[in-house]
Amino acid sequence: MLKRLAQCVREYKTPALLTLVFIIGEAIIEALIPFTTANLVNEIKAGVEMREVMRLGVILVVMSLLSLTCGGMAGFTSARAATGFAKNVRHDVFHKVQEFSFENIDKFSSSSLVTRMTTDINNVQMAFMMLIRIAIRSPLMLIFSIIMAYIMGGALATSFVVIIPVLVFGLLMIARKAMPAFRAVFKKYDRLNESVEENVRAMRVVKGFAREEYEKGKFSAASDDIRADFTRATRIVALNMPLMQLCIYGNMVFVLLFGSKLVISSHGSIIEVGQISAMLTYGMQILMSLMMLSMIYVMLTMSAESAKRIVEVLDEEPALRNPVSPANAVADGSIDFENVRFKYSAKAERYALDDINLHIRSGMTVGILGGTGVGKSTLVQLIPRLYDATEGTVKVGGRDVRDYDLASLRDAVAMVLQKNELFSSTIAENLRWGNANATDEEVVEACRLAQADDFIRSFPDGYQSKIEQGGTNVSGGQKQRLCIARALLKRPKILILDDSTSAVDTRTDALIRQGFRDYIPETTKLIIAQRVASVEDADLILVMDGGRIVESGTHEQLMAASVIYRETYEQQTKSAANPKGGEE
Amino acid sequence: MPRAIPKYTADTKLNKRGRPAFSFTAVKRTIGLVTEFYPRLFPAVCVLILFSSAVSAIPALFTQKIIAIIGEWTASGDWEAAKSLIVRQLMPLIVLYVLSLAALTLQTQVGAILTQGFLDKLRRRLFDRMQDLPIRYFDTHKHGDIMSHYTNDVDTLRELVDQSIPALLRSGSIVVVVFFIMLWYSIPLTLMILVGVAAMMLVSGKLGGGSARFFVAQQKSVAATEGFIQEMMAGQKVVKVFNHEAQSAENFDRLNEELCENARKAHAYANTLGPIIMNIGNILYVLIAVLGGAYLLAGLPNPSISGMALDISILVAFLNMTKQFTGNVNQLTQQVNVVVMGMAGAQRVFELMDELPEVDNGYVTLVNAEIAPDGTVTEADHRTGHWAWKHPHGDGTLTYTELKGDVRLVDVDFSYVEGKQVLSDVNVFAEPGQKVAFVGATGAGKTTITNLINRFYDIEDGKIRYDGININKIKKKDLRRSLGLVLQETNLFTGTVMDNIRYGKLDATDEECRAAAKLAGADDFITRLPKGYDTQLSNNGSNLSQGQRQLIAIARAAVADPPVMILDEATSSIDTRTEAIVQRGMDKLMEGRTVFVIAHRLSTVMDSDVIMVLDHGRIIERGPHDELIAAKGTYYQLYTGAFELE
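Here the protein sequences line up with chains A and B, keeping their order.
All the letters of the first sequence, read from the start, carry residue numbers 142 to 725 under my numbering.
All the letters of the second sequence, read from the start, carry residue numbers 248 to 893 under my numbering.
Hint data in this document are derived by calculation from the structure and do not stem from the laboratory.
All C-beta atoms in this analysis are idealised placements derived from N, C-alpha and C, irrespective of residue type, glycine included.
Wrong hints could be hidden among the right ones.
[Unchecked claim] Some chain A residues close to chain B (C-beta under 10 Å, calculated; not the full set): (1) L197; (2) G213; (3) R221; (4) G225; (5) F243; (6) V337; (7) G391; (8) V394; (9) S407; (10) L527; (11) T531; (12) D552; (13) L563.
[Claimed, not checked] Which bits of chain A does chain B cover? Going by a derived footprint, with three or more residues having C-beta under 8 Å, they are: (14) 166 to 178; (15) 234 to 242; (16) 310 to 323; (17) 341 to 353; (18) 410 to 420.
Pulled out of the complex, with its shape left as it was, chain A reads as follows (with noise of 0.2 Å):
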């Protein structure tokens, strides 16, 4: 996992490299001043050589900033390394879901994505940061002092074999105890602003029931609850902080109490008084060092699971591939499915679709109905191989799909999807989608095919509007054709309108299939649709149920043939409104 991340750091690696270069220089140097500091002191205690103090005094400074150019330039270098390696992973991970298929878009949850995308590498890169910081400066720190602390004082540095291994286990049975409390707390955190979310979402419900009472009562109780938890994960951690400061204060009246006896009994031949502050520093470096060891392993534990959710992103194998050999050109509009089976993932027990056989010639219209769930959308999906087809084959112009080039594909298969979107930028911007050289003319002439012309220019900025993100800004209707129209704009020999048309008014609906007629009579439409009148004058009409086609024919063979296509044709032309329903 690790080394998948670790192949982000590319052109960092010098940044990050140098980072450790400066960083031991730091450490080195600050272990180097107590020391020095010492026989400054002594110096100045011995109170003869001012010259001599000069010395150490220069030396010291040197080193002071000695160490200020190498902490300094470690900071440029580690923030460049560490942003650069998020920016790499961010870019690894986004162009990786470019690749994906939508089987692998399905298994990611859009939001689970951006999650991913956004906290998850941002705690990749702290502990990034973090790593190349300290995780190296901490214990070169400790091992550096604890040396120093040993050439210095001697006996005096026996204080830390009591010290160092009390507070390490301390901290470390901290760490232990507090994560998986923290990790459990931090569920129910997110699970209380979810319900925050859900309440404002549903604030028209609760006011509407007069339920304002009652959801503050679930909030308390809700809120009191993580309130308990998280104090009790809080209270370990907190114990931190007394434990350093007792291992200090140990430190400090050991060593006052010995370093004076060393001094005085060998009338200062051992060490000297300079030595006796200079262990307390030391003392505090090593403390210092081992509590943000104890620091990094916390927030290294706690990012380990980011990390393992990217790289589950970087990863996954597209599901679908391009063949090694493909064919670009599509030669027309006609669709074959030779006993096709599918389902969306192997361990599914039922098939989406079931025996499928299907031929449509080019430029026919075919209508497709039936109820929720019963593969209409799967139906048309495998036609642009956005699946692949379990068993059988599926082909366009005469080819099997899975030998075309996907890109020259999916060009010649224009979708409109049921679950569409826009996006923020102008409605001309966002319908260039459909092909990014198209000329002002062909952009108006596909929204006058989709009936969108008029919607447009009645808005002030006409094609340069801007859409909000998610496409709020227009209604429902409105981005119902701005897609159709984005789709019309491919030229495609295929064009597949997956309920596309639902909050369309009927006669709009019917405006925009007479144009299909009239325009492009040789692309080959696939329609799938709720109502009826949306199919009726199609070539075939295809009746879906759990997965298979269940009838097909024209309007009237089905309206004489299938009871059920009779039903609900009447249910509709009875309770609808329905221009040929009306009272006409």
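Since chain A is already given, all that's left is putting chain B on it; use the hints.
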């Protein structure tokens, strides 16, 4: 629904000098809140912090003495004689340490309880306040912004209470104590340190202030990139269908580069500040050592509080204090920076708290009633199945009016934003049991009318009467209890199916809920769910189909059994079979009630007693279906599909 532009953005405002704008009131209010929640505990914790940190600053006094003793006895080398003297110095030190440790332990433990308690109370206060806000608030604020009060902004306050305030107290008290000890020993040396610290703060202030700009730039980049990611991940399938992968990746790379650049600058600043400050501290230390040494050697007079002459023991202690002093001054400035940066978040929390709650001057209440055969209404203390409006009058008398469901709108005008009239001269009379339908294009004001009946919004002019009572006199909760609501967008809550149905009437028995589900036509599919009525719903019932969710919403309204129903039809398409079931459920629900239907399809409209055709906030046609068809007006055009309905 009108959506206002949010009042603020997530980024911190900068003043002319590139520093974050700062307001003291937010800090004061935060501290005020903690004190309000924990009037005794909070000051106690503060005292503990002050005590434990002051003690940790004192050792200098003892080390100085011990070093002086060492100096005295090194020549003789008589440890036994020196020992008792040193131990005499160490004993009080150890006692102080033990006390300080006890205070620290107590403070951190109590601090944990206090912080989490504070957060809990804060969240609850926010949430409680939010429940009482008018619908207008939710219509004019983005949900994401409201949510970020609970996540980001509350977190800012947590940091303030949990870290910044204790750190400020701790560093502050250490700085003060050390400062006085320094003065105790030597005023000239103290002055030297002060000069050095001033220089240090100047540098860190320059650096810190400059960095704010980069952090804001980074935040903006983060927001832009995350927005792009969200949009693209949601539309990834569209990207595939249009072969748009390469362009999308290219756009992303651009944002990603920019984010990286801005993040690098911000982090580089933050990373270098530490070493710079620390090493200035080191240099200061050396300067004090050298200057102090020179001072000592020169034998200059040493004015001090204690009157002691400068000697090596004082200088050594002084040097240690230099580090302590500079370190804590740094802590102080850093924390002040954190507080300043965080105040924007705190400010937003208080903005939400300061929002004015929904005003309710209603005094007419809904009570259980007994209705005598002669029609007299008396109040009952148990459920009778009958309800009445209890109406106290100015002269102290009480009248009871039976709840029937007669709703009249007379000459109603309304606008969401002043000057932009949404409804004008609307007159609607709905007698008990009648069905009134509203049709018209998007934005014609259909939903607005229902928003007025249940007083989500208040009318500007005209009158709405419910059973002859002006609805402004009715307590909002009681008014809303008497109105059932099935909304366009179905919102379900996390919990079981049963819980969701019971939302309509909290004391409903399981049988009542089942009966309501049967009435709505939902029982059939619910019993076929793996756990039936105990099936857990989450994420707005995402494990159910659109139609099934609507059926539960209908059951929820049915269990409340109100005399008046407001039905806002769903716009999203569901398949015909489910739609037929939903329609039957709706029909059942409407039986015997006064119903207002906002129709998006005309299927529900035809059997209405009266159909109101709305256009630009005015009723342009009214009457039953046959009459309107015969008139060949707008309704006729809508019906024949010439106009878009949704």
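### Task
Could you tell me which of the numbered hints above are not met by this structure, giving the numbers in increasing order?
Checked against the structure, the hints that fail are numbers 11, 16, while the rest are satisfied.
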